[in-house]
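S.K.: Below are the chains, spelled out letter by letter.
Protein chains: 2
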Amino acid sequence: MCERNICLTVAYDGTAYHGFQRQANALSIQQVLEDRLGSLFGHTLKIAGAARTDTGVHAHGQVVTFKTTGSIPVSRIPFAAQGVLPTDIVIRKAAVVPAEFHARISAKSKIYYYRIYNNHLADPLLIRYAWHIRRKLDIERMSQSLKHIIGKHDFSAFRATGGATVNPVREMLHAECRQDGDVIECLFHGTGFLYHMVRNLVGTLVNIGIHKLDADAMFHIRESRDRHRAGVTAPAHGLYLKEVYYESGLL
Amino acid sequence: MCERNICLTVAYDGTAYHGFQRQANALSIQQVLEDRLGSLFGHTLKIAGAARTDTGVHAHGQVVTFKTTGSIPVSRIPFAAQGVLPTDIVIRKAAVVPAEFHARISAKSKIYYYRIYNNHLADPLLIRYAWHIRRKLDIERMSQSLKHIIGKHDFSAFRATGGATVNPVREMLHAECRQDGDVIECLFHGTGFLYHMVRNLVGTLVNIGIHKLDADAMFHIRESRDRHRAGVTAPAHGLYLKEVYYESGLL
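Taken in sequence, the protein lines are chains A and B.
In terms of the numbering used here, the first sequence opens at residue 285 and continues consecutively.
In terms of the numbering used here, the second sequence opens at residue 285 and continues consecutively.
Heads up, none of these hints are tricks.
If chains are identical, the list can't say which one is meant, so a pair holds when it fits in one copy or spans any two.
Calculated cross-link-like contacts (lysine to aspartate or glutamate; reagent style DMTMM-like; alpha-carbon spacing at most 25 Å):
#, residue 1, residue 2
1, Lys377, Asp422
2, Lys431, Glu455
3, Lys420, Asp372
4, Lys377, Asp407
5, Lys431, Glu527
6, Lys330, Glu531
7, Lys526, Asp407
8, Lys436, Glu469
Keep in mind the hints are simulated off the structure, nothing from the lab.
Bound-form chain A, shown alone (with noise of 0.2 Å):
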């Protein structure tokens, strides 16, 4: 039988796995779908997926990629995959693509959004899908600080410390922050992202909010290029992996 790439747009709640990369001795995104739609396929599956996303990190378009001489139609993979995969993932699309399309490869741009509750008082619904920041975030300034990240820059001062000797440059195509009651969310869409890259966007964010750092701090930091000039890493529960995109836009 011929072989045909298949690609995926996965959902699912992170809280119960230690991020999407397979790992040794901890459960991950990517081993309950390999294993799982594996058994679906018919053969070993090795998957390939757009973004890392860490322990706790949600998606709603995290996009996968895989080789398969399985015979079942792409039409029927998203019911078939809701049999074999536990409630908190799912497949939400799935289209047969060119045998050189990756799903991180080929990406072109992703869009995260990372998720506040601002109240003194917590919100025992969104433990674990916001962050619970208990002084009131002035959102203005905030949002006015995001000029400073636009465009291709050098994001030295918001790589995890220990990070892998990556090139640091990335190119930030939009960001901002909207408010909707007590809840805030703040999107990024770049053509890349560093390790921790948005959390610690966020963090400094977060000082802005707090007026501890004015807007314009988001410059001077990004320029020092030093880590330990921005904010704390936000927790990852906050984060969702929203879109990714190729040539083609959102598959």
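Given chain A's structure and the hints, the job is docking chain B onto it.
M.R.: Same frame as chain A, now just chain B:
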């Protein structure tokens, strides 16, 4: 020390609890509140709740009252309670109320809403927070049907079979369905609710939404007083107790 009557507004994620009301062999919200707040106030507490939410039902604004001789200032209670309560139960407000005030008996009306996720595929982030309905719901038709439940009526058709033989007449002040993308929320404001009444109304609404019934079926089912003509009992995890109103309004 003089005895105070304390009124709390409580939010909780009902996922981990066997409902509000204390039970012999299962953990309830009431038990956790009585045990944990009892340790805070330094004596055994007997807590009354405005509504007996079922296993898995959530609350933004459950109201409870209890008498205490403890000396903790009322303004300190929400913060102090965070130190003793699990993260899925949060005291949002606290007030001293007149001695005769009782969370359930003094309540004038309550608002519940029910959340439906309407898409042919599940959303893993709403598994515990919305009822997943795959078939496309006709929200116009659902909304039209709601006029038949507004006002004072015998709601026997929507009462749990085998429920207590209380007077089945209740007054619905307002009801509406709102849509935001794939999420539909049906809101019910009534002076009182029979056991499973909201969930049985929602089961019937869904039958109307999928065109199994027409909008006027809500009238005929209500008039029949026959539980077997109404829809299934919608699952508990889509139901939220939003607010409880008293003579003075919201607390």
